[in-house]
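There are 2 protein chains.
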Amino acid sequence: MSSAVKQQDAAPLDLRAVYAPIEADLAEVERILKAQLHSKYPLVDEMVRYGFQLSGKRLRPALLLLSAKAVGEVTRDHLLLAAVVEMIHTATLVHDDVLDEADVRRHLATANTRWNNEASVLLGDFLFTHAFYLASTLDSTWACQAIGRATNIVCEGELRQIANRGNFALSELEYFDIVAAKTAELCACCCQLGAHYAGADEETAERLARYGRGLGTAFQIADDLLDVVGDEGEAGKSLGTDLEKQKPTLPLIRTLERAGTEQRERILAILQNGAADRYRQLMPWMRRFGAVGYARGQARSFATSARRELVCLSKSPALESLILLTKFVVLRSH
Amino acid sequence: MSSAVKQQDAAPLDLRAVYAPIEADLAEVERILKAQLHSKYPLVDEMVRYGFQLSGKRLRPALLLLSAKAVGEVTRDHLLLAAVVEMIHTATLVHDDVLDEADVRRHLATANTRWNNEASVLLGDFLFTHAFYLASTLDSTWACQAIGRATNIVCEGELRQIANRGNFALSELEYFDIVAAKTAELCACCCQLGAHYAGADEETAERLARYGRGLGTAFQIADDLLDVVGDEGEAGKSLGTDLEKQKPTLPLIRTLERAGTEQRERILAILQNGAADRYRQLMPWMRRFGAVGYARGQARSFATSARRELVCLSKSPALESLILLTKFVVLRSH
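Which chain is which? The protein sequence lines are A and B, in order.
Following my numbering, the numbering of the first sequence begins with 1 at its first residue and continues without gaps.
Following my numbering, the numbering of the second sequence begins with 1001 at its first residue and continues without gaps.
Hint data in this document are derived by calculation from the structure and do not stem from the laboratory.
Be careful, since some hints might not be right.
[What the hints assert, rightly or not] Computed list of lysine to any residue pairs in SDA-like fashion (alpha-carbon distance at most 25 angstroms, straight line):
| id | chain 1 | residue 1 | chain 2 | residue 2 |
| --- | --- | --- | --- | --- |
| 1 | A | 247 | A | 315 |
| 2 | A | 34 | B | 1160 |
| 3 | A | 245 | A | 280 |
| 4 | A | 327 | A | 13 |
| 5 | B | 1245 | A | 39 |
| 6 | B | 1040 | A | 170 |
| 7 | B | 1040 | A | 145 |
| 8 | A | 40 | B | 1170 |
| 9 | A | 40 | B | 1177 |
| 10 | A | 245 | A | 176 |
| 11 | B | 1247 | B | 1331 |
| 12 | B | 1040 | A | 246 |
| 13 | B | 1327 | B | 1160 |
| 14 | A | 247 | B | 1042 |
| 15 | A | 245 | B | 1042 |
| 16 | B | 1040 | B | 1030 |
| 17 | A | 247 | A | 54 |
| 18 | B | 1247 | A | 176 |
| 19 | B | 1057 | B | 1241 |
| 20 | B | 1247 | A | 38 |
| 21 | A | 40 | A | 13 |
| 22 | A | 40 | B | 1246 |
| 23 | A | 315 | A | 301 |
| 24 | A | 247 | A | 170 |
| 25 | B | 1034 | A | 27 |
The whole structure should be built from the sequences, with the hints applied where relevant.
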């Protein structure tokens, strides 16, 4: 957790407590994942099992199952679909590893570069295709369509993100729109699947989808913030990675929007100077324009909007957990 | 076309003639692909349209449509599914670009490495997910299941292939098995989809699937052969690429199987000596053991087996084309 965020909220949330209403269901999802993700070929089996361990929090299965439980009962279909969305999320994580140019460079310096890079692409594809196969074992095409559409939007969002590398004229709204696609859409899909397969009416399912979208957006803004203010040890990645990739995120977009013409040019010069400590050179500017606090405020605002979508639901432990998650996502992002 | 192959068969086949019975259907598939593969975001749109141009022969849509026409009528479902299998094939092509380590190295030397590498992974994912979405717009989950299962086997086959890099003890049967998975399974799936959605009985659909599997295996053996004997200009890639990647293919496997203990050690020494002209050093050994002719014979043998599966079908121009394809795949492989 970022120390800056920690200061504002003294008591960190325990995710296990949030997941308590679906503890047994999540355990069953783990069993399904274990049973599904294997290969009779030892080396393939090793890779697939490795991929399965990559993800951590099981946030997407939890969203699906909590949404189900908040409106009805968790069924066998829910458990399968929870495994499906986790496979898809893991596939995108595995492919993100390939996307990391810095990482590729480091790998090239080692002996087994090719293996890592190629294995990541194929492993991601294996997980994607297995997820789609599993979704197609349900009775109707409903889940396949929802998942196919959502994952396609995710990919488009990621493509838009790389298309906007180095585009420091990206507006805040465009940034939110990309985040909504690349991160929030799968969360929205999870909530909608959970609600739909628990027999929710269309309006409730739509509301839960909007909850997931708001939550996912807040989550991603907070995640991007970690790159600026985060604790390296806890976030598990180095600061300024987004900057190194010329990826405009909210604190930077805000700084540039608030800067005057001359200041803007000085900031852009830092962004383009290629210095190793660009990140440190930028921090005073972000501080001057209160960009970190602003981004945190935006994350909270999306989380609050998400929470408001839940008013239609009756009181239950699952509802309580969905509410707690809106706090969790702005506190932690890894 | 490889000159070695050309010598044996004087008259090259015209693929347009083979596709004649489904010419109008293929044109409609092109329209569907064009209508489906776009994005409202200009840069994404450019990438997606680029991906769409990558593939050439439209072999997989042709297999699906010819199989349909050989047993019944081509329907709207067939046309959609033909677009789906082409998208999936293109996705694997795009991801193969990422897999090419030599290529990655070359890209790293250029300015826009990251763009190319990252864009390829995401573009492939975009095509995969769009294909699955499109398949899920059909009435039942039948096509989704068949396609999900087949593409998962394809990925497993590709993973097995990279797991066997540098494994020069790979047996011929293991090689055939990997080829059947990574290349032939999607061809089998195309034929089965074509037959199934044209109302074929299960046995006929199964026979056509086996036809596709045999044809795809023959195609891949011939493709691997091009790496050894191919015409660089026509094949569009340099000779010895598989060797450079330490990928054991049939001519090499055969050479090693026929070599005596001492000869085998000398061949393995060439494979491991890292010399730029390893390929040329190996050629005399392949020639000595007739490995090229043997591999060509195996390709023909798989093509013949494929052809035999067609005996259940009544005479028609589509059947004629399916038969011609068994000749085509061993003549050309690009």
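Evaluation of the provided hints:
At roughly 41 angstroms between alpha-carbon atoms, residue 247(A) and residue 315(A) are farther apart than 25 angstroms, so this suggested pair is violated. For the hint pairing residue 34(A) with residue 1160(B), the CA-to-CA distance comes to about 20 angstroms; that is within 25 angstroms, so the pair holds. Proximity of residue 245(A) to residue 280(A) is assessed by CA-CA distance (about 15 angstroms); at most 25 angstroms being required, the pair is judged to hold. Using a Cα cut-off of 25 angstroms, the hinted pair residue 327(A) and residue 13(A) holds, with the two alpha carbons roughly 8 angstroms apart.
With a C-alpha separation of about 24 angstroms, the suggested pair residue 1245(B) and residue 39(A) falls inside the 25 angstroms cut-off, and the hint holds. Using a Cα cut-off of 25 angstroms, the hinted pair residue 1040(B) and residue 170(A) holds, with the two alpha carbons roughly 17 angstroms apart. Distance restraint check for residue 1040(B) and residue 145(A): the Cα-Cα separation of roughly 20 angstroms lies within the 25 angstroms cut-off, and the hinted pair is therefore satisfied. A hinted pair counts as satisfied when its Cα atoms are at most 25 angstroms apart, and residue 40(A) with residue 1170(B) qualifies at roughly 17 angstroms.
With a C-alpha separation of about 13 angstroms, the suggested pair residue 40(A) and residue 1177(B) falls inside the 25 angstroms cut-off, and the hint holds. Between residue 245(A) and residue 176(A) the CA atoms are separated by roughly 19 angstroms; this keeps the pair inside 25 angstroms, and the hint holds. For the given pair, residue 1247(B) sits about 22 angstroms from residue 1331(B) by alpha-carbon distance, which is consistent with the 25 angstroms threshold. This hinted pair checks out: residue 1040(B) and residue 246(A) have alpha carbons roughly 23 angstroms apart, not beyond 25 angstroms.
Distance check on the hinted pair: residue 1327(B) and residue 1160(B) sit about 28 angstroms apart at the alpha-carbon level, beyond 25 angstroms; violated. The suggested pairing of residue 247(A) with residue 1042(B) holds, with an alpha-carbon distance near 18 angstroms, which does not exceed 25 angstroms. About 21 angstroms separates the Cα atoms of residue 245(A) and residue 1042(B), which keeps this hinted pair within 25 angstroms; it holds. Of the supplied pair hints, the one linking residue 1040(B) and residue 1030(B) holds, its CA atoms being roughly 20 angstroms apart against a limit of 25 angstroms.
For a cut-off of 25 angstroms, the pair hint linking residue 247(A) to residue 54(A) stands: about 24 angstroms separates their Cα positions. For the given pair, residue 1247(B) sits about 45 angstroms from residue 176(A) by alpha-carbon distance, which is inconsistent with the 25 angstroms threshold. Straight-line distance between C-alpha atoms of residue 1057(B) and residue 1241(B) comes to about 22 angstroms, which keeps the hinted pair within the 25 angstroms bound. For the hint pairing residue 1247(B) with residue 38(A), the CA-to-CA distance comes to about 24 angstroms; that is within 25 angstroms, so the pair holds.
Taking the CA atoms of residue 40(A) and residue 13(A), the gap is near 40 angstroms; set against the 25 angstroms cutoff, the hint is violated. With a C-alpha separation of about 23 angstroms, the suggested pairing of residue 40(A) with residue 1246(B) holds against the 25 angstroms cut-off. Distance hint between residue 315(A) and residue 301(A) is fulfilled; the C-alpha atoms sit about 23 angstroms from each other, no more than 25 angstroms. Note on residue 247(A) and residue 170(A): the hinted pairing holds, with a Cα-Cα distance of about 10 angstroms set against a maximum of 25 angstroms.
For a cut-off of 25 angstroms, the pair hint linking residue 1034(B) to residue 27(A) is broken: about 44 angstroms separates their Cα positions.
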